[in-house]
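Novice: Turn these sequences into a full structure, and let the hints steer you where they fit.
Chains as they are written, first to last, in my numbering: chain A, 1 to 120; chain B, 121 to 277.
The set of hints was computed from the structure by calculation and includes no laboratory data. Among the clues, some could well be false.
[Unchecked claim] Calculated lysine to any residue pairs in the SDA-like style (CA-CA distance at most 20 Å, straight line):
1) B:Lys-188 to A:Asn-105
2) A:Lys-26 to B:Ile-165
3) A:Lys-6 to B:Thr-128
4) A:Lys-53 to B:Lys-223
5) B:Lys-223 to A:Phe-79
6) B:Lys-198 to B:Leu-147
7) B:Lys-231 to A:Arg-91
8) A:Lys-25 to B:Ser-149
9) A:Lys-112 to B:Lys-205
10) B:Lys-170 to A:Ser-31
11) A:Lys-112 to B:Leu-183
12) B:Lys-223 to B:Phe-207
13) A:Lys-26 to B:Thr-163
14) A:Lys-53 to B:Leu-192
15) A:Lys-84 to B:Lys-223
16) B:Lys-205 to A:Val-77
17) A:Lys-99 to B:Leu-192
18) A:Lys-99 to B:Asp-202
19) A:Lys-112 to B:Ala-181
20) A:Lys-26 to B:Asp-150
21) B:Lys-197 to B:Pro-271
22) A:Lys-112 to B:Lys-174
23) B:Lys-160 to A:Val-32
[Claimed, not checked] So the derived label-pair ranges between C-beta atoms look like this:
24) B:Tyr-276 to A:Ala-62: 38 to 44 Å
25) A:His-3 to B:Leu-147: 30 to 36 Å
26) A:Ile-74 to B:Ser-259: 30 to 36 Å
27) B:Ala-234 to A:Ala-71: 23 to 29 Å
28) B:Leu-253 to A:Ile-74: 34 to 40 Å
29) A:Glu-51 to B:Thr-180: 24 to 30 Å
30) A:Ala-67 to B:Arg-206: 28 to 34 Å
31) A:Lys-28 to B:Thr-195: 27 to 33 Å
[Stated by the list, open to error] On the chain A side, residues computed to face chain B include the following (Cβ under 10 Å):
32) Met-43
33) Trp-54
34) Thr-58
35) Phe-93
36) Ala-94
37) Gln-101
38) Lys-112
No experiment lies behind these values; they were computed from the predicted model shown. Think of the CB as a built atom: it goes at the ideal place given N, C-alpha and C, for glycine as much as any other residue.
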Amino acid sequence: MYHINKILAVAFIVLLTGCSIGGEKKIKIFSVEQPREKLDYPMPTALQLEELKWIIITSENAQEVFAKLEAAGIDPVLFGVTDKDYQVLSRNFAQIRQKLQETNNLLEEYKKYYEPEEKK
Amino acid sequence: MFSTIKMTIAIILITGIAGAGMYVMKLRSDNAILKANQHKLETAITEQNKVLEKQKEDFTAILESNKKLNVLINTFKKDLQDLDKRFTKKNRDIGKLAIDRTKSIERIINKGSANAQRCVELSSGAEHTEEELKATLKSEINPECPSLANPNYVPYQ
Numbered sequence: 001m002y003h004i005n006k007i008l009a010v011a012f013i014v015l016l017t018g019c020s021i022g023g024e025k026k027i028k029i030f031s032v033e034q035p036r037e038k039l040d041y042p043m044p045t046a047l048q049l050e051e052l053k054w055i056i057i058t059s060e061n062a063q064e065v066f067a068k069l070e071a072a073g074i075d076p077v078l079f080g081v082t083d084k085d086y087q088v089l090s091r092n093f094a095q096i097r098q099k100l101q102e103t104n105n106l107l108e109e110y111k112k113y114y115e116p117e118e119k120k
Numbered sequence: 121m122f123s124t125i126k127m128t129i130a131i132i133l134i135t136g137i138a139g140a141g142m143y144v145m146k147l148r149s150d151n152a153i154l155k156a157n158q159h160k161l162e163t164a165i166t167e168q169n170k171v172l173e174k175q176k177e178d179f180t181a182i183l184e185s186n187k188k189l190n191v192l193i194n195t196f197k198k199d200l201q202d203l204d205k206r207f208t209k210k211n212r213d214i215g216k217l218a219i220d221r222t223k224s225i226e227r228i229i230n231k232g233s234a235n236a237q238r239c240v241e242l243s244s245g246a247e248h249t250e251e252e253l254k255a256t257l258k259s260e261i262n263p264e265c266p267s268l269a270n271p272n273y274v275p276y277q
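Specialist: Rendered as structure tokens:
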């Protein structure tokens, strides 16, 4: 009887556990994706520059230019640059304009790359 | 004695059958898990392929963008060279010219200044006028920034 109980106990344990020890493991994949909100700034407003008038003043026309300014009620004073400095000013102006264009272009490219328009 | 042996054999048989049943059930469960794993792996491969495809698209977009930017920078260089050329072409001295032909140089400078201002407006995102878009001749363009102001103008060779 004692042996039967032992056998029964062993059989019962085997029955309960079976061969489940070391069985296959399930793969668990978690993927939580929350897209970032779009910044969606509008593009900067375009500039509207005011008109600027250049006056060329030489030793010969200086009197005439100042007289004209006075006649037009404008203070007879001019802020001058030499011909070489005028060229420098033109170059600087062109470079500022190019930098502005480059920056705007970069902004557009970034927007296009990171915030493409939704395909409908 | 005989009945004890019989009982033991019976118990072993029952246990064996039950164990076999359990084993088959476990095999079926393992099979189901393996199938699910296989499905998940296949899905993962598909997703990986999608990621690779997206990466490829991104690289193409980056290359395209870089190319555009390089073209733009080269245009800038050319515009600056053209500007220099206008001041120094054929040993031109703008100072001497301004002394000799004050009024006409003043007019040219004011026109150039207005053109340059328009270039700045366009650089900041202003819309092109119809006139600017239609310009195809050298006499119609904004010479300060033709590539920006007149997209339809093709420079003469």
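Novice: Quick one: which hint numbers does this structure break? Sort them smallest to largest.
Specialist: Of the numbered hints given earlier, those the structure breaks are 6, 9, 14, 16, 29, 31, listed in rising order.
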